[in-house]
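Visitor: Residue-level listing of the chains:
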Amino acid sequence: MKEELFASGRNIPNIDPYLNIWHWQIPGYLFLGGLAAGILFFASFFTIMGKQHKMEATVRKAPMIVPFALVIGLFMLFLDLKHKLYFWQLYTTVRYQSPMSWGAWVLMAITPLSILWAASYVRELFPRWDWKYDILKTFEKWIIANRILLAWPLAILSVILGIYTGILLSAFNARPLWNTSILGPLFLVSGMSTGAAVIMLMSKDHKERKIIGRIDILLIIVELFFIIHLLMGFLAGSEAQINAANLFLGGRFTAPFFAFVVILGLIFPAVLETLELRGFKVPIIVPAVLILLGGLIFRFLMVEAGQITRYLY
Amino acid sequence: MRYAMAIDTRKCVGCSDCVVACQTENNVPLGFCRDWVVEVVDGTYPNVSIELRSERCNHCANSPCVRCCPTGASHFEDGGIVLVEHDKCIGCGACIQACPYDARYSHPDGYVDKCTFCIHRVREGKNPACVSVCPTKCMSFGDLDDPNSKIVNVLKNRKFKSLAPEAGTKPQIFYLI
Numbered sequence: 013m014k015e016e017l018f019a020s021g022r023n024i025p026n027i028d029p030y031l032n033i034w035h036w037q038i039p040g041y042l043f044l045g046g047l048a049a050g051i052l053f054f055a056s057f058f059t060i061m062g063k064q065h066k067m068e069a070t071v072r073k074a075p076m077i078v079p080f081a082l083v084i085g086l087f088m089l090f091l092d093l094k095h096k097l098y099f100w101q102l103y104t105t106v107r108y109q110s111p112m113s114w115g116a117w118v119l120m121a122i123t124p125l126s127i128l129w130a131a132s133y134v135r136e137l138f139p140r141w142d143w144k145y146d147i148l149k150t151f152e153k154w155i156i157a158n159r160i161l162l163a164w165p166l167a168i169l170s171v172i173l174g175i176y177t178g179i180l181l182s183a184f185n186a187r188p189l190w191n192t193s194i195l196g197p198l199f200l201v202s203g204m205s206t207g208a209a210v211i212m213l214m215s216k217d218h219k220e221r222k223i224i225g226r227i228d229i230l231l232i233i234v235e236l237f238f239i240i241h242l243l244m245g246f247l248a249g250s251e252a253q254i255n256a257a258n259l260f261l262g263g264r265f266t267a268p269f270f271a272f273v274v275i276l277g278l279i280f281p282a283v284l285e286t287l288e289l290r291g292f293k294v295p296i297i298v299p300a301v302l303i304l305l306g307g308l309i310f311r312f313l314m315v316e317a318g319q320i321t322r323y324l325y
Numbered sequence: 462m463r464y465a466m467a468i469d470t471r472k473c474v475g476c477s478d479c480v481v482a483c484q485t486e487n488n489v490p491l492g493f494c495r496d497w498v499v500e501v502v503d504g505t506y507p508n509v510s511i512e513l514r515s516e517r518c519n520h521c522a523n524s525p526c527v528r529c530c531p532t533g534a535s536h537f538e539d540g541g542i543v544l545v546e547h548d549k550c551i552g553c554g555a556c557i558q559a560c561p562y563d564a565r566y567s568h569p570d571g572y573v574d575k576c577t578f579c580i581h582r583v584r585e586g587k588n589p590a591c592v593s594v595c596p597t598k599c600m601s602f603g604d605l606d607d608p609n610s611k612i613v614n615v616l617k618n619r620k621f622k623s624l625a626p627e628a629g630t631k632p633q634i635f636y637l638i
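Protein chains in written order, with our numbering: chain A, 13 to 325; chain B, 462 to 638.
Bound conformation, chain B alone:
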C-alpha cells in the first residue's frame, strides 16, 4: 500500500477551499496551516502563464524528517503516511530544518505539526478533507499499489511532476501539468 495524491494544476482555481477544510477538520490553530495554495506566475505580459498548486507535506518515501528525528516521533504509518507522535516530539526543530518543502511548523502547544493525509478519515475509507471539498475536483487521493484506483488512472494518462525531486526525497504528491 502506498498512499499518494495527484493534483491537477490546470483545474485548480486557487479558491483555498482545501486550506479552510483542513483547518476546520484538523483544528489547526489560527495563523497556521497544514496546506496552502501557491500561485506561480511565469513570464511578462502578454506572454504569461500561471500555475496554481495546492501544497502540503509530500509524505516522501525517503523522508529526511523521519531520518533526522532524534526520538522517533516522526515516523511512517501504513501506506507510507508520515506522522508525528506528539508525546514523543521534543520540539527540537530538526525535522523543520530537514523539510525542503517547509511543510512542518511548530504547534503553539510545543510539538511539531503537519499534514497527516487526514489519516483518521482515510482509515474510515474516506478521502482527506482537502480532497473531499475541492469544488473543481482537481485532487485525487488513493493507493498507488492498487491498479484500479483513480490516482493510478490519472497518473497513467497525464503528464505530471513532483516538487524538488532533486532533493532525493521521493515526494508522493504529484502535480498534473
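So here's chain A without its partners, still in its complex pose:
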C-alpha cells in the first residue's frame, strides 16, 4: 500500500485535491467553436461544389448564427482568463508551439470572415434590410460576386478550428486522458455533427435534410469508431492512461458518458435519422437536439475528467 500526503499541508484553490482550473467556460467554448466550424465547413463546401442554390439552410440560414456562436465563445474564453486586462498579449506574438496561440490567431481570422459571409446573405433572408451607406453596398456587391474566394479560406480555416478544439486539450502531456492525437479528429467530427444538427433544425427543405442527415449518420459512425479507438488506445498504454480510460469504463464518469454521450447523444439520434431516411416520420427536433446536448455533455465530461487524470509518482 502506498499512501501520499502533504506533510506541509497544501490546499491551493482549484488545484488540490485535484485540478479544476478550467470550468464551464472551456467546454462551452469548445462546443460553440466546434459547432461554428461544422456549419462553416458545410456552407463553404457546398458553395465550392456549386450547390449553394439547393442548400438554403446550409449556405444561408445556419451561417447567420456562426458569428454569434464565435463571439459568445470568445467571450467565454475571456471570462476564463484570470488576468483579463492583459488578454491583448495573445495578439502581440505568435507562439507556434502553443495550441492556444494558434487558436487565438485562427479565431482572429475566421470570426471576421464568418461575419462577412453572414452579412453577404442578410439581404436575401431579410429583404427589407438596408446597409445605408454606399460603401457598404459596394462592398456587399463585391463579396457576393466573389463568394468563392471567401469559401476556400473558410473551408480550410473551419477544419483547423474544428481540429484545434481537440488539440487544445491533447497538447497537455500532463493530463493523460487528453494527451492523445485522436482527440483532434474526434472533436472535429463531433463539431461537424453538431453543426449538421443545427442545419437540420433550420432546414425546411426535405431534400437538403436528407443530404445532411446522411452525412451526419456517417459522422456519428466515425465518431463512435474514434471513441472506441480512444479507449482502446488508452487500455494499451501506460498505467496513467489505463487509469484515464477507467474513468469512463467503470469509474465515476461511466454512467453520464455512456448514457448521455454514447447512447442518447450518438446511437439513438443515428437510429432516428436512419428511420427518417427510410420514410418513417420522425420530428427532426428530437435527433438534432439530442446530438447537440450529447456534444455539449461530451465536452464537459472530457474537460472535467481530463483534469483529474495525472502522472503517478
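Simulated from the structure, these hints should not be mistaken for laboratory data. There is no bait here: all hints are sound.
Mimicking DSS-like on lysine-lysine, the simulated pairs with C-alpha atoms at most 27 Å apart in a straight line are: (1) Lys549/B - Lys94/A; (2) Lys14/A - Lys620/B; (3) Lys96/A - Lys549/B; (4) Lys14/A - Lys622/B; (5) Lys631/B - Lys549/B; (6) Lys631/B - Lys14/A; (7) Lys472/B - Lys14/A.
Once you have looked at the hints, place chain B on chain A.
Guide: Same frame as chain A, now just chain B:
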C-alpha cells in the same frame, strides 16, 4: 550554466521550514505555496518505509509550461530557470494544465505564480531561501555545468531519482534516495 537542486530524502525530516521560508521570502499569499513537503508511506506495519520530499517547480529542461504558453509569459531565464513574466501572463491556465507536478497556481492578482528558484537571491550569489534555512542541510543548489559545485559532487556519490521522468519533461530537481 544549468541550475538544479538535489534534495536528500533520507535527511529530510519534513519540518516544512522550506515552505515557510519561501512564503516569507517571496510574499506568497495566504493559502498558497510555491513549495510543499510530501510524505509517502509505502507498505503496512511492520514493513513500512517513509519518504519525505520537499517538492516545487522542477525547472524542467523540456518544459511543457513554456511550450504551451500562448503569450511567451512563461520563459527560460539564464541557467534554465523557468519564470513567469506577470505583465505578459493572461491567466489562461494552460501552463497549470501542462505541469505534471501541479507546481503552478493562479495568484489572487490574476497571473500564474510558482517557484523561481529565488532568482533574485541566486543572482546575488546566495542560495534560494528554502535551501538556506533547511535545518538538516538536506538540499543543495548549484550549477550542474560547474564540476566543482556541491550539487555535482552530491549527485556523483549518491543514487538519485527525479519525479515522473516518463513525462519527458527533463526535471532538474533530483531526489537522493
